[in-house]
Amino acid sequence: MASAPDIAVSTGRVARAGIYIFLLLFALFYLLPLFVMLVNSLKPLSEITGGNMIALPRVWTVEPWLEAWSTAQIGVQPTGLKPYFWNSIKMVTLAVAISTILGALNGYVLTKWRFQGDTILFGLILFSCFIPFQIVLIPMARILGIAGLAGSTPGLVLVHVVYGIGFTTLYFRNYYAAFPTDLVRAAKIDGAGFFQIFWRILLPSSGPIIVVSVIWQFTNIWNDFLFGASFSDLDSQPMTVALNNLVQSSTGVKEYNVHFAGAIIAAFPTLLVYIVAGRYFVRGLMAGSVKG
Amino acid sequence: MSFLEIRKATKSFGSVEVLHEMDIDIEEGEFLVLVGPSGCGKSTLLNMIAGLEDFTSGEIRIKGKLMNGVHPSKRNIAMVFQSYALYPNMTVAQNITFGMEMHGVPKAERLAAMNRVAEMLQISALLDRKPSQLSGGQRQRVAMGRALVREPDVFLFDEPLSNLDAKLRVGMRTEIKKLHQALGTTVIYVTHDQIEAMTLSTRIAVMNLGYMQQFGTPGEIYNTPANVFVASFMGSPPMNLIPAKVEVENGSLFAETLNHSGSNVRLRFARPGQSLKEYEDREIILGIRPEAITDRESADRNSSGMESIQNLVTVTEPAGSDTYVTSTLGGRDTIARMRADAGVQPGQLMEFVINMEKAIPFDPKTELRIA
Chain A
1355 MASAPDIAVS TGRVARAGIY IFLLLFALFY LLPLFVMLVN SLKPLSEITG
1405 GNMIALPRVW TVEPWLEAWS TAQIGVQPTG LKPYFWNSIK MVTLAVAIST
1455 ILGALNGYVL TKWRFQGDTI LFGLILFSCF IPFQIVLIPM ARILGIAGLA
1505 GSTPGLVLVH VVYGIGFTTL YFRNYYAAFP TDLVRAAKID GAGFFQIFWR
1555 ILLPSSGPII VVSVIWQFTN IWNDFLFGAS FSDLDSQPMT VALNNLVQSS
1605 TGVKEYNVHF AGAIIAAFPT LLVYIVAGRY FVRGLMAGSV KG
Chain B
7 MSFLEIRKAT KSFGSVEVLH EMDIDIEEGE FLVLVGPSGC GKSTLLNMIA
57 GLEDFTSGEI RIKGKLMNGV HPSKRNIAMV FQSYALYPNM TVAQNITFGM
107 EMHGVPKAER LAAMNRVAEM LQISALLDRK PSQLSGGQRQ RVAMGRALVR
157 EPDVFLFDEP LSNLDAKLRV GMRTEIKKLH QALGTTVIYV THDQIEAMTL
207 STRIAVMNLG YMQQFGTPGE IYNTPANVFV ASFMGSPPMN LIPAKVEVEN
257 GSLFAETLNH SGSNVRLRFA RPGQSLKEYE DREIILGIRP EAITDRESAD
307 RNSSGMESIQ NLVTVTEPAG SDTYVTSTLG GRDTIARMRA DAGVQPGQLM
357 EFVINMEKAI PFDPKTELRI A
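Protein chains in written order, with the working numbering: chain A, 1355 to 1646; chain B, 7 to 377.
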């Protein structure tokens, strides 16, 4: 047998069918909201106000999507979500990349270049994971003001990097703790320096944990509303704030179909990250827990 | 001045001293084995030689050059790790040439050196593989190739064979010895296996609990162990250590001990040292190797110190090439090494012939050899 299935209990045919039906029902149940959103984003507003939320569109239209993307009224400007989407992409890409690299470097130093007091330092870094966002709003605003980064994308990137380092450091430290130190020693004897060992030896073997870090950071930063609402200007607002401004507008008709389309657009990138890298996510979380 | 010189090397972790004033001198081309039970500090000492651990105090010189504080890559050493430490993301070829790449050696030279080493170790067919696609023995070869390719002054081996199965281990042991004979490079080799130490080395440092127990050639270590620890650690089965009393009669020295029934047996020392006389009527520990106790037929006829005693066989252990025969001397189980076809049965009363030329007396208090 090439690959015996690793199952704890084997089940009979009937039980198996029961399990599948049960799981299928639940999957359908959980998919229902997505179905409602999709269906309503593809029908004219009149069909929704007519009172038929669950039904398939009688007239299929992509008009709400186009409107949400490029012409919908966001705050005072009829720009659609497009500019804010790019704001978010810029912010997320930078913040994820920087916090992941810094977390990896921290993990590398904390496990392979041990020094006096490193565990205390790690404890302090870890502590930042448990500080609620709301507590730091005012001090953070001061610092952004002093640094001249208030209301800008770099300012938001800084905030998210600072908040993300705790988690990324935790991930990489635990991952590198199981990484054989002999490899680092061998590389030292081979003449590799601090950064050469990092780039050539550790990072190429860090795939799973990089995926974990990227997914975690991407989801958190993309979905963040509080920092986005607090520290951004009109031209640096992220997607979440823009979506709120679209949906919560108190003037005019509530265009539910446009709102549904906008919400799906806002959720799409995180969904994509999970679909592309999700299986590595689980693998990375489990790494080291069973066998090194 | 020696090729490699270690003076009073001491290592502490916090308040715990794990290595106490080690002194080692070896000449170029020697094969030094650091041997001892786990926790004796041998790997720490090797890491200090490599530059991976700092000296708390003491000095190390290679070719007369002080190496304290010199970066590992600048000491012109190469190390083979117990875990092989092959870079998992690189191919065998990249693993072997990584060190040269880091030292800025041009690509053509790197390739030439790699091919030379790959041929020597017969791993040319594996050059494009990743370490995960190799067997244990192949990984071992690649790890050695990575060390060889640098043409270092000193090779450091940290228990390189202990992850291999028993059969492969013996084969690789021979290959390491062959390589050393062919290249003539100085080797420092850490192991806890005393057979590896005996077979490979030109010089052995026996260590225990951070102290150097004895430093000498394999012959010195085996035939004149400095103390009870060395005597019992080196050799398999270990040296018999029998409680005895020194007697003097007509200018001859005897060791008096008890046989199986509790009656006295006297064994005349063939070559007593100067200070043994001072132990008259005092207790000593008499060390006798199993091969120095045999039956009459296989006794060494050239020895001038053959002593014969009658004793009861308690256990026999046929080991194929030899049979180990256990009897009781001085209240201790005493192992004798006999021919495979000696035909000895448990419960049998038989004649044991002891070669007293090979007997070594120890002081029971200090556990040092009585010279």
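For the record, the hints were derived by calculation from the structure and aren't laboratory data.
Treat the hints with care, since some could be wrong.
Simulated crosslink set (SDA-like; lysine to any residue; CA at most 20 angstroms straight-line) [as the list claims (entries may be wrong)]:
{"hint": "1", "chain 1": "B", "residue 1": "Lys136", "chain 2": "A", "residue 2": "Pro1562"}
{"hint": "2", "chain 1": "B", "residue 1": "Lys80", "chain 2": "B", "residue 2": "Asn95"}
{"hint": "3", "chain 1": "B", "residue 1": "Lys80", "chain 2": "A", "residue 2": "Phe1549"}
{"hint": "4", "chain 1": "B", "residue 1": "Lys113", "chain 2": "A", "residue 2": "Gln1550"}
{"hint": "5", "chain 1": "B", "residue 1": "Lys283", "chain 2": "B", "residue 2": "Glu357"}
What follows is a set of in silico ranges between Cβ atoms, one per label pair, in the way DEER data are often shown [unchecked claim]:
{"hint": "6", "chain 1": "B", "residue 1": "Arg13", "chain 2": "A", "residue 2": "Gly1502", "range": "41 to 49 angstroms"}
{"hint": "7", "chain 1": "A", "residue 1": "Asp1472", "chain 2": "B", "residue 2": "Thr62", "range": "32 to 40 angstroms"}
{"hint": "8", "chain 1": "A", "residue 1": "Lys1436", "chain 2": "B", "residue 2": "Asn169", "range": "54 to 62 angstroms"}
Covered, in the sense of this in silico footprint (three residues per stretch, anywhere, with C-beta under 8 angstroms from a C-beta of chain B), are these stretches of chain A [what the hints assert, rightly or not]:
{"hint": "9", "stretch": "1467-1474"}
{"hint": "10", "stretch": "1555-1566"}
The model shown is predicted, which means the values in this text are computed figures rather than measured ones.
From the three backbone atoms N, C-alpha and C, an ideal C-beta is built for every residue, glycine too.
Going down the list of hints, with the structure as the test:
| no. | hint | result |
| --- | --- | --- |
| 1 | B:Lys136 / A:Pro1562 | holds, 19 angstroms |
| 2 | B:Lys80 / B:Asn95 | violated, 25 angstroms |
| 3 | B:Lys80 / A:Phe1549 | holds, 18 angstroms |
| 4 | B:Lys113 / A:Gln1550 | holds, 18 angstroms |
| 5 | B:Lys283 / B:Glu357 | violated, 29 angstroms |
| 6 | B:Arg13 / A:Gly1502: 41 to 49 angstroms | violated, 59 angstroms |
| 7 | A:Asp1472 / B:Thr62: 32 to 40 angstroms | violated, 20 angstroms |
| 8 | A:Lys1436 / B:Asn169: 54 to 62 angstroms | holds, 59 angstroms |
| 9 | 1467-1474 | violated (count 0) |
| 10 | 1555-1566 | holds (count 3) |
Taken one by one, the earlier hints fail for this structure at numbers 2, 5, 6, 7, 9, listed in ascending order.
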